[in-house]
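There are 4 protein chains.
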Amino acid sequence: MIKVKQKPKLKNPILVEGLPGVGNIGRVAVGYMIAELEAKEFAQLYSKHFFPFVMLHDDYEIRLLKNHFYYWKAKKKGQRDIIFLTGDCQSLSPYGHYEIAEKILDFVKGLGVKEVITIGGLATGELEEEPHTMGSVTSKKILKKYKKYKIDFNVGEKVGYIVGAAGLLLGIGKEKGMEGICLLGETSGFPIVTDPKSAEKVLDELTKMLGIKLDMSRLEKRVKEMEKFIKKVEDLQKKALTQISKEEKAPVKGKEQLRYIG
Amino acid sequence: MIKVKQKPKLKNPILVEGLPGVGNIGRVAVGYMIAELEAKEFAQLYSKHFFPFVMLHDDYEIRLLKNHFYYWKAKKKGQRDIIFLTGDCQSLSPYGHYEIAEKILDFVKGLGVKEVITIGGLATGELEEEPHTMGSVTSKKILKKYKKYKIDFNVGEKVGYIVGAAGLLLGIGKEKGMEGICLLGETSGFPIVTDPKSAEKVLDELTKMLGIKLDMSRLEKRVKEMEKFIKKVEDLQKKALTQISKEEKAPVKGKEQLRYIG
Amino acid sequence: MIKVKQKPKLKNPILVEGLPGVGNIGRVAVGYMIAELEAKEFAQLYSKHFFPFVMLHDDYEIRLLKNHFYYWKAKKKGQRDIIFLTGDCQSLSPYGHYEIAEKILDFVKGLGVKEVITIGGLATGELEEEPHTMGSVTSKKILKKYKKYKIDFNVGEKVGYIVGAAGLLLGIGKEKGMEGICLLGETSGFPIVTDPKSAEKVLDELTKMLGIKLDMSRLEKRVKEMEKFIKKVEDLQKKALTQISKEEKAPVKGKEQLRYIG
Amino acid sequence: MIKVKQKPKLKNPILVEGLPGVGNIGRVAVGYMIAELEAKEFAQLYSKHFFPFVMLHDDYEIRLLKNHFYYWKAKKKGQRDIIFLTGDCQSLSPYGHYEIAEKILDFVKGLGVKEVITIGGLATGELEEEPHTMGSVTSKKILKKYKKYKIDFNVGEKVGYIVGAAGLLLGIGKEKGMEGICLLGETSGFPIVTDPKSAEKVLDELTKMLGIKLDMSRLEKRVKEMEKFIKKVEDLQKKALTQISKEEKAPVKGKEQLRYIG
Numbered sequence: 001m002i003k004v005k006q007k008p009k010l011k012n013p014i015l016v017e018g019l020p021g022v023g024n025i026g027r028v029a030v031g032y033m034i035a036e037l038e039a040k041e042f043a044q045l046y047s048k049h050f051f052p053f054v055m056l057h058d059d060y061e062i063r064l065l066k067n068h069f070y071y072w073k074a075k076k077k078g079q080r081d082i083i084f085l086t087g088d089c090q091s092l093s094p095y096g097h098y099e100i101a102e103k104i105l106d107f108v109k110g111l112g113v114k115e116v117i118t119i120g121g122l123a124t125g126e127l128e129e130e131p132h133t134m135g136s137v138t139s140k141k142i143l144k145k146y147k148k149y150k151i152d153f154n155v156g157e158k159v160g161y162i163v164g165a166a167g168l169l170l171g172i173g174k175e176k177g178m179e180g181i182c183l184l185g186e187t188s189g190f191p192i193v194t195d196p197k198s199a200e201k202v203l204d205e206l207t208k209m210l211g212i213k214l215d216m217s218r219l220e221k222r223v224k225e226m227e228k229f230i231k232k233v234e235d236l237q238k239k240a241l242t243q244i245s246k247e248e249k250a251p252v253k254g255k256e257q258l259r260y261i262g
Numbered sequence: 001m002i003k004v005k006q007k008p009k010l011k012n013p014i015l016v017e018g019l020p021g022v023g024n025i026g027r028v029a030v031g032y033m034i035a036e037l038e039a040k041e042f043a044q045l046y047s048k049h050f051f052p053f054v055m056l057h058d059d060y061e062i063r064l065l066k067n068h069f070y071y072w073k074a075k076k077k078g079q080r081d082i083i084f085l086t087g088d089c090q091s092l093s094p095y096g097h098y099e100i101a102e103k104i105l106d107f108v109k110g111l112g113v114k115e116v117i118t119i120g121g122l123a124t125g126e127l128e129e130e131p132h133t134m135g136s137v138t139s140k141k142i143l144k145k146y147k148k149y150k151i152d153f154n155v156g157e158k159v160g161y162i163v164g165a166a167g168l169l170l171g172i173g174k175e176k177g178m179e180g181i182c183l184l185g186e187t188s189g190f191p192i193v194t195d196p197k198s199a200e201k202v203l204d205e206l207t208k209m210l211g212i213k214l215d216m217s218r219l220e221k222r223v224k225e226m227e228k229f230i231k232k233v234e235d236l237q238k239k240a241l242t243q244i245s246k247e248e249k250a251p252v253k254g255k256e257q258l259r260y261i262g
Numbered sequence: 001m002i003k004v005k006q007k008p009k010l011k012n013p014i015l016v017e018g019l020p021g022v023g024n025i026g027r028v029a030v031g032y033m034i035a036e037l038e039a040k041e042f043a044q045l046y047s048k049h050f051f052p053f054v055m056l057h058d059d060y061e062i063r064l065l066k067n068h069f070y071y072w073k074a075k076k077k078g079q080r081d082i083i084f085l086t087g088d089c090q091s092l093s094p095y096g097h098y099e100i101a102e103k104i105l106d107f108v109k110g111l112g113v114k115e116v117i118t119i120g121g122l123a124t125g126e127l128e129e130e131p132h133t134m135g136s137v138t139s140k141k142i143l144k145k146y147k148k149y150k151i152d153f154n155v156g157e158k159v160g161y162i163v164g165a166a167g168l169l170l171g172i173g174k175e176k177g178m179e180g181i182c183l184l185g186e187t188s189g190f191p192i193v194t195d196p197k198s199a200e201k202v203l204d205e206l207t208k209m210l211g212i213k214l215d216m217s218r219l220e221k222r223v224k225e226m227e228k229f230i231k232k233v234e235d236l237q238k239k240a241l242t243q244i245s246k247e248e249k250a251p252v253k254g255k256e257q258l259r260y261i262g
Numbered sequence: 001m002i003k004v005k006q007k008p009k010l011k012n013p014i015l016v017e018g019l020p021g022v023g024n025i026g027r028v029a030v031g032y033m034i035a036e037l038e039a040k041e042f043a044q045l046y047s048k049h050f051f052p053f054v055m056l057h058d059d060y061e062i063r064l065l066k067n068h069f070y071y072w073k074a075k076k077k078g079q080r081d082i083i084f085l086t087g088d089c090q091s092l093s094p095y096g097h098y099e100i101a102e103k104i105l106d107f108v109k110g111l112g113v114k115e116v117i118t119i120g121g122l123a124t125g126e127l128e129e130e131p132h133t134m135g136s137v138t139s140k141k142i143l144k145k146y147k148k149y150k151i152d153f154n155v156g157e158k159v160g161y162i163v164g165a166a167g168l169l170l171g172i173g174k175e176k177g178m179e180g181i182c183l184l185g186e187t188s189g190f191p192i193v194t195d196p197k198s199a200e201k202v203l204d205e206l207t208k209m210l211g212i213k214l215d216m217s218r219l220e221k222r223v224k225e226m227e228k229f230i231k232k233v234e235d236l237q238k239k240a241l242t243q244i245s246k247e248e249k250a251p252v253k254g255k256e257q258l259r260y261i262g
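Residue numbers (this note's numbering), protein chains in the order written: chain B, 1 to 262; chain L, 1 to 262; chain P, 1 to 262; chain F, 1 to 262.
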């Protein structure tokens, strides 16, 4: 379900996605851009494929889990209109990933999007002194376009696949006539930790690609603010998954065992 | 998906369901009636909620898992037209049980069915010397109608619920204006075994309720034939569920863990 | 599937939800109000996302798992028309929670509902001598409206999220233009126990908020009646989930492992 | 979702399916035929029932998981037009198998297909010196047609069922008026290994059945090429399933435990 507050008029906009994931690289990078550029929220998405709970903000306010769309208009030459996508979470179920990606792409296509940048993390299993920004693209054309940036395009050697929105928005996007690139920040990938260092590296290239100069001095502060919230959602999701399993002593193995016994 | 070969003209028909379940009481009882009465198959149902495999009959012939509808026309006074429902399996998923029951009921309602008899097994955990036939109904009216038979209506004390088709066809049926009764044959309920003794007990009452006399002398032989086939389907379902889990050494716990990592 | 017996004409009604959950606070509180106020049932909901079994009432009568809608008309000034929602269970699957909440909200919106009160339990892990009633709201406006009551609005500190109907009816409700409050009674949260003490505390505030005086002297008796039934459903759900897993010795881990092996 | 590049005009075409599975017999046999015959790709299928990730080809290029349709036109008498179906994967969920099979069959029926050949592997649990090619059919008519080939039709004795596309395309196909045969190459079935020896045996009979002569000399080389890719997808699927389960220390047992706790 996408709820549009106000449909912006945009000129050849590019979609930049950063949802929670490994190291929360995308979430942090896009969150920082939205804040610094003062991008405007214009639409929200919620889905039956998200966790079935609401969160409490400021201790008392109920909020549905959501993804948010923001737009920002080009200020000068070399820049272009941008739609940012970020949010609380991704799909809980495998096929929900496909359904939500389809919905997002159909929506932004209607706003004129023909190019997509997605941002994710690449778990290396090691603490990276100098995290690289890896890249993968929908076609050689895009590879050429972006090869002048400090992006390592040998992702395939390291990981071979991209799960969830960061991957499917490009994979399904291509089916809908959109091209794009996925930027993956190297990160340790330990039990889900926000990695601002890797996010900054990704932001360095992303802002250059978009012709935008960002003051990075507030990143640390902003990450701390965001991290608190991101961690909260992660914790709640884990808690939600485990709470019942502790309460029930019975060897529950799953609903699929609830077959006919009548 | 229900595929109708030939739509029979029936007068106030009653639906008698016997699908695989605890002790396979329903499957055996209805299977025997179909064979002895030479009821005619007129429709088949298959569903995406069944196990995703086909079976091999006579070693080489491929058959989709199915439920089958048969009809039998009343031969004399005191009898009524009957639609029998039996088959290979029930739903694999919980919500599939609801979807299939809705489909079945809408179909038989279109054929004039206003009353439903379902047959199941009640696992007692003990070997029963004299298995009782338990009963539960959709209303007091039906209780009165059938209380003259040797049916023990204190099911609630023993089990409290009826899972799958035997329960939902009556529960949802009532929502659609149908009344009915569920006959449950007591059976040990050990690792799914066909219990012809309990099935025969249920048949004794069922045939009386329907005004039909059946020669029970062939039951043993028929059960042996059916049992071979029923056991095969059960084994295949178990095999299908376990095969992969043995092959994979990885601690796979379920698709729901496949959340975003990109 | 919502089945309407009789569509009541209500004046600016408020929805008060109390379905089974932690401590069954909501179920008990709303159940008691319905009984004491002699509210009238006017609609029922059943869903393919519920457990696929029927229950046996009074030992012999088959009943589908359901949620029930009741209405009560204001008797004097300071009161308002109320729609109560209670029932046997909530969704078995995560996305079912969203689907059912959407269905409920669309239905009551059609009856004029603009405000929603949901009631749940907050598991503290400790036996509470003096259980607090916690509160969370859809907006500051509602916070102001209800801050004069003995409701602790620092829920976020203690739990951070509300799972299932109590949360989603408010979260999704807000998307549909409804405001509301969730009252959470503190309770130990041990293996699912009905907590009448906490429910009474919630009822104290709830009745004040609704301008209703209730004789609480029958609560204990009513809770005992309800508890027997609530416990039965809980036990059946657990039993349904575990029964098969005991029967099958094979290391069944879930249907998701049933991938292609042909 | 089936995306047609170019709808070929075919004369009484036969569908030959070879998707990944036990021993990857079908995948290898059909992949080799496509390469040697230079069959033309004309349509692609992707599905929300596939794993929710994209793969990286050539280290940098993003590709959605897909199934592919190719056609080849008869060159001389005794041959017929062929539609080949192969691809990266099959459904992740049980009911996805049914949905995808239905979609494929409706699509090829529209292209005139009345006969289907599916190819799979039969896990024997032993290293086969001389792997047999087993066969099962939709009817006696087809059995007669193909009994002159070296196909062992006593499959039922050995396995009893065929899971996934190889089975359902024939089982559901029959419901849609198509006949067909499933060729199963005997293979050890150890933790999913590509078995070119068994695939070659199947190809021997398959090419005879289709009146085609293939130069088998390149099979070894081609299999090595394909194997690298097939293994990659398998590894990614396993990795995707296990990665999160390692990261989370909490005893997550499945989404079905995420029931109401609010």
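Worth flagging that the hints you see were computed from the coordinates, not collected in a lab. It cannot be assumed that every hint is accurate.
No copy labels: a pair is met if it fits in one copy or bridges any two.
Straight-line C-alpha distance at most 25 Å; calculated DSS-like pairs for lysine-lysine [stated by the list, open to error]:
(1) Lys109 with Lys239
(2) Lys103 with Lys3
(3) Lys66 with Lys114
(4) Lys103 with Lys176
The hints, checked one at a time:
{"no.": "1", "hint": "Lys109 with Lys239", "verdict": "neither (36 Å within a copy, 32 Å between copies)"}
{"no.": "2", "hint": "Lys103 with Lys3", "verdict": "both (12 Å within a copy, 18 Å between copies)"}
{"no.": "3", "hint": "Lys66 with Lys114", "verdict": "both (24 Å within a copy, 22 Å between copies)"}
{"no.": "4", "hint": "Lys103 with Lys176", "verdict": "both (12 Å within a copy, 20 Å between copies)"}
The structure shown violates just one earlier hint, number 1.
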